[in-house]
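S.K.: Following numbering that gives the first Met the number 0, the numbering of the sequence shown begins with 0 at its first residue and continues without gaps.
Do not rely on the hints blindly, as some may be mistaken.
To be verified - Derived pair list, reagent style DSSO-like, types lysine-lysine, alpha-carbon separation capped at 30 Å:
1) K182 / K239
2) K309 / K182
3) K309 / K264
4) K199 / K105
5) K199 / K182
6) K199 / K14
7) K309 / K105
8) K186 / K14
9) K264 / K239
10) K199 / K186
11) K239 / K105
Derived by calculation from the structure, the hints in this document are not laboratory data.
These numbers come from a predicted model, not from an experiment.
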Amino acid sequence: MTTELQGRVLFANNKPAANVEVRVFDEDAPWRHDDDLTVTPGLSDRDGRFTVVYDPGRFLDDPELAPSWGHTFLTRLRRLFGRPSESDEVDLYLPYLEFRYTYLDKSYRHTTPLLPLVTEYRLPALFSPLTQFRPSEHGLHFINSFPGYPLPFKLPLVNDVSAYYGLCGGMSSAACDYYYAEKSVPKLSQVPERGTPFYKYLYNRQLDTFGAMGRYVLRFAEWMALPAEGPQGIRARTLKEFGVARRRLDAHVPVILGLIYVGFKDTARLWENHQVLAYACTETALEVYEIALYDPNYPNRDDVILRAEKTAAGARRVWGFPPRSEPVEGLTCVQQIPGRADRPVHGFFIMPYIPSAPPELE
0 MTTELQGRVL
10 FANNKPAANV
20 EVRVFDEDAP
30 WRHDDDLTVT
40 PGLSDRDGRF
50 TVVYDPGRFL
60 DDPELAPSWG
70 HTFLTRLRRL
80 FGRPSESDEV
90 DLYLPYLEFR
100 YTYLDKSYRH
110 TTPLLPLVTE
120 YRLPALFSPL
130 TQFRPSEHGL
140 HFINSFPGYP
150 LPFKLPLVND
160 VSAYYGLCGG
170 MSSAACDYYY
180 AEKSVPKLSQ
190 VPERGTPFYK
200 YLYNRQLDTF
210 GAMGRYVLRF
220 AEWMALPAEG
230 PQGIRARTLK
240 EFGVARRRLD
250 AHVPVILGLI
260 YVGFKDTARL
270 WENHQVLAYA
280 CTETALEVYE
290 IALYDPNYPN
300 RDDVILRAEK
310 TAAGARRVWG
320 FPPRSEPVEG
330 LTCVQQIPGR
340 ADRPVHGFFI
350 MPYIPSAPPE
360 LE
């Protein structure tokens, strides 16, 4: 007997996903192909709505014909000491939905369990508006000049955020929220006062960038202690982070970056580091890149960049006879703002971001 499922598929930032093919499968044993239960595939419309028809009865595998006394000696050995026989005598019903779609000229596949009473599904991809992000338009219009604030969790040697530029991560996340929601940012030119709804929103978004129990705060501390060179040095690690960030930026997906301005040899103040929103990347010369930034410390400026160049970053030992070493590549970075001195950046890593509905201000 066939079953009809009607649902809606959205991008991670709640935008409808059109032209997504939807099928229903039954998860089988690892050594078998999953059963395709689909009778009529679904295809989402411009609002993300789809209808897929499937037959749950297809999940049962056909048993092999075997002598009445049981399986052959070889099959018995396989059941005792190897994988079970090819006939799935105890086949559990574990249905899931498969979504196939093309976004920005790339093909994707996403699966999620088929659960009762669930009709709305989200893809992991973020839908980027057709307009290019520009700090002068999509960034907040006031400078990041907040006083310190206490943390809701305890970390070794870290009690509160004492830096004056305290909500850079919250402002970067907020700009991204409004951009994905395709809403105009508030026309505030002054920092919102503590206790106001918009301040609370920025504060909560700042905490979101810290991760569970301050995981990313500790990551700042970890990276501040890294050596510059070597396979585990900050420049080599930054090159790996850049590879991920560049793929996202090429897909028009902004990325929040944690910038390491200082190391523990300079200071123990974690808050002298920074968070910015990267929104574009251009290769200006061979292995030389300009990453366009929205920097909350410099509102309304479209000319803030992070210049990154792939360079040698020490060597790694390769064990063998005779032992040898091979070069390690890393990324050398400097933040450039016209009219200001270049600022060296020891390295950077990607900060967490999950879209959140931005508040409507009166």
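S.K.: Hinted pair, alpha-carbon criterion (30 Å max): K186, K14. Please report holds or violated.
M.R.: holds (24 Å)
S.K.: Mind checking the alpha carbons of K239 and K105 for me, to see if they're no more than 30 Å apart?
M.R.: This hinted pair holds, its Cα atoms lying about 22 Å apart.
S.K.: Just to be careful, I want the Cα atoms of K309 and K105 compared with a cutoff of 30 Å; is the pair within it?
M.R.: holds (27 Å)
S.K.: Would you check the hint for K264 and K239, treating anything up to 30 Å between C-alpha atoms as holding?
M.R.: holds (24 Å)
S.K.: Given the proposed pairing of K199 with K182, does the C-alpha separation stay at or below 30 Å?
M.R.: It holds: about 19 Å lies between the C-alpha atoms, which stays within 30 Å.
S.K.: Between the alpha carbons of K309 and K182, is the straight-line distance 30 Å or under?
M.R.: Since the Cα atoms of K309 and K182 sit roughly 37 Å apart, the hinted pair is violated (cutoff 30 Å).
S.K.: Given the hint that K309 pairs with K264, test it: the Cα-Cα distance must not exceed 30 Å.
M.R.: holds (24 Å)
S.K.: Is the hinted pair K199 and K186 satisfied, with a Cα-Cα distance of at most 30 Å?
M.R.: The hint holds at about 17 Å.
S.K.: Does the structure keep K182 and K239 at a Cα separation of 30 Å or less?
M.R.: Judged against 30 Å, a Cα distance of about 33 Å means the pair is violated.
S.K.: Regarding the pair K199 and K105, is the alpha-carbon distance no greater than 30 Å?
M.R.: violated (38 Å)
S.K.: Check whether the Cα positions of K199 and K14 lie no farther apart than 30 Å.
M.R.: Holds. K199 to K14 sits at ~25 Å (cutoff 30 Å).
Violated hints for the displayed structure, listed by number in ascending order: 1, 2 and 4.
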